[in-house]
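K.L.:
Sequence:
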Amino acid sequence: MGQGGADNQIYLISKELVARGYYVKVLSLTPLGPMGEKTLSSGIEVEYIGVSNKKMTFTTIMNLKRCIKEFRPDILLTFMYHANIIGKLFGKLFGVPKLITSVRNEYFGNRLREKLEKYTASLASITTTNSLVASKSLISRKIFKENKLKVIPNGISFNYNKLNTTAINDGIFHWVAVGRLRPQKDYENLIFAAKSLVSKGEYKFNIDVIGNGDSNTLNRLVELCKVHNVDNVIRFVGPSNDVASELIKYNGFVLSSAWEGLPNVVMEAQLSQLPVVSTKVGGVEELVSSEEGGYLVKPKDPESLGEGMLKVMNKTPQQRKEMGVKGQRHLQKKYEIGCIVDKWEDLFKDVIKKG
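Take the position in the sequence shown, starting the count at 1, then add 379; the result is the number in the numbering used here.
Worth flagging that the hints you see were computed from the coordinates, not collected in a lab.
No experiment lies behind these values; they were computed from the predicted model shown.
A virtual CB, placed ideally from N, CA and C, is assigned to each residue, including glycine.
Some hints could be false.
To be verified - Here are the simulated DMTMM-like cross-link-like pairs (lysine to aspartate or glutamate), alpha carbons at most 25 Å apart as the crow flies:
#	residue 1	residue 2
1	Lys579	Glu686
2	Lys713	Glu395
3	Lys515	Glu664
4	Lys700	Glu581
5	Lys529	Asp729
6	Lys705	Glu671
7	Lys659	Asp587
8	Lys659	Glu493
9	Lys524	Asp725
10	Lys448	Glu424
11	Lys417	Glu395
12	Lys521	Glu665
13	Lys579	Glu602
As the list claims (entries may be wrong) - Label-pair ranges, simulated between beta-carbon atoms:
#	residue 1	residue 2	range
14	Val601	Lys722	35 to 43 Å
15	Val397	Glu449	12 to 20 Å
16	Lys583	Lys605	14 to 22 Å
17	Tyr427	Lys694	41 to 49 Å
18	Glu424	Lys527	27 to 35 Å
19	Lys679	Phe473	41 to 49 Å
20	Pro562	Asp610	15 to 23 Å
21	Val397	Glu664	27 to 35 Å
22	Val601	Asp621	18 to 26 Å
Generate the whole structure from the sequences, applying the supplied hints.
P.N.:
In structure tokens:
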């Protein structure tokens with residue numbers, strides 16, 4: 380379990396289900412990172428069953444078989460592509476009565492991946508995704524049938540008392556972006572948006588990018604910043620084990636993604652009462668609007684992203700605070716983890732009832 384949004388959802392859902400009296404065991408295809416350790420420390424059973432270089436091995440399958448035989452689950456719930464395929468191919472074979480898979484992004488790889496999800500979909504009782512936009516896209520691309528796909532949004536915990544009260548106030552507008560250094564996050568878009576803003580010369584600002592990635596990608600992005608003279612504006616600060624504590628130091632949050640599902644990090648920014656500027660991708664429009672704490676802009680359009688950022692910087696501190704409060708209220712109204720787990724619980728009961 381890493382530090383991504385899906386990992387966080389597994390932690391939150393598992394914790395809430397255990398509190399409701401369910402027996403939950405988490406099987407991780409990757410080594411137990413910070414989120415795995417956090418899940419373990421919450422009293423939830425977690426086991427690493429081993430995937431080598433993102434490839435399924437015989438050991439992985441035997442570990443899965445052993446865990447299923449020992450735990451004897453009523454339902455196997457899988458999150459994301461690799462787990463979905465492994466679960467569909469081997470879950471029933473090893474005696475799992477019911478299988479639910481979950482697609483966490485509107486796009487999740489190449490055409491081969493889409494075909495594998497499509498042609499194995501019937502092996503699952505049902506598939507979930509986390510946004511209406513992703514659902515419509517997956518159905519229109521004929522990857523899933525409408526009657527076999529259900530939307531259950533991401534949830535977030537409001538057991539939280541850190542608000543945006545410690546932001547740096549030094550005459551510079553401090554932006555934060557969070558996400559792995561991958562094509563999905565389209566940091567090139569952010570770099571060119573920063574270049575556009577610098578050329579206007581209206582505000583002093585900087586952007587910290589929190590997230591990890593391979594050294595080649597990092598070096599390429601750093602070099603791109605130098606070429607376009609924004610290396611004094613954008614910093615790649617690496618990953619954080621406590622993103623929530625980092626967010627409250629900033630004045631605004633920016634997401635430059637080319638595609639998304641329902642991004643947890645936008646929800647975390649709203650929870651911290653930060654104004655949000657995001658590309659209009661995936662389910663972001665279900666979270667953010669000018670009435671709900673931020674601005675949506677065209678994807679892959681640096682000028683549009685820069686204009687959205689400029690709108691936020693043009694506002695007074697009080698206006699930005701009001702934006703943040705609106706975003707948090709919208710979040711609390713629709714995405715509190717207890718309400719979301721109610722939806723999961725209803726789905727579990729429905730799947731079991733259908734026999």
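K.L.:
For every hint, state whether the structure bears it out.
P.N.:
Cross-check of the supplied hints:
1. Lys579 to Glu686: The hint holds at about 11 Å.
2. Lys713 to Glu395: holds (17 Å)
3. Lys515 to Glu664: holds (14 Å)
4. Lys700 to Glu581: holds (21 Å)
5. Lys529 to Asp729: holds (12 Å)
6. Lys705 to Glu671: Cα-Cα ~5 Å, so holds.
7. Lys659 to Asp587: holds (21 Å)
8. Lys659 to Glu493: holds (23 Å)
9. Lys524 to Asp725: holds (20 Å)
10. Lys448 to Glu424: holds (15 Å)
11. Lys417 to Glu395: It holds: about 14 Å lies between the C-alpha atoms, which stays within 25 Å.
12. Lys521 to Glu665: holds (23 Å)
13. Lys579 to Glu602: holds (22 Å)
14. Val601 to Lys722: 35 to 43 Å: holds (42 Å)
15. Val397 to Glu449: 12 to 20 Å: At roughly 18 Å between Cβ atoms, Glu449 and Val397 fall inside 12 to 20 Å, so the hint holds.
16. Lys583 to Lys605: 14 to 22 Å: This hint holds: roughly 20 Å between Cβ atoms.
17. Tyr427 to Lys694: 41 to 49 Å: holds (46 Å)
18. Glu424 to Lys527: 27 to 35 Å: 30 Å Cβ-Cβ, so the 27 to 35 Å window holds.
19. Lys679 to Phe473: 41 to 49 Å: holds (43 Å)
20. Pro562 to Asp610: 15 to 23 Å: Holds, since Pro562 and Asp610 (Cβ atoms, about 21 Å apart) stay within the stated range.
21. Val397 to Glu664: 27 to 35 Å: holds (33 Å)
22. Val601 to Asp621: 18 to 26 Å: holds (24 Å)
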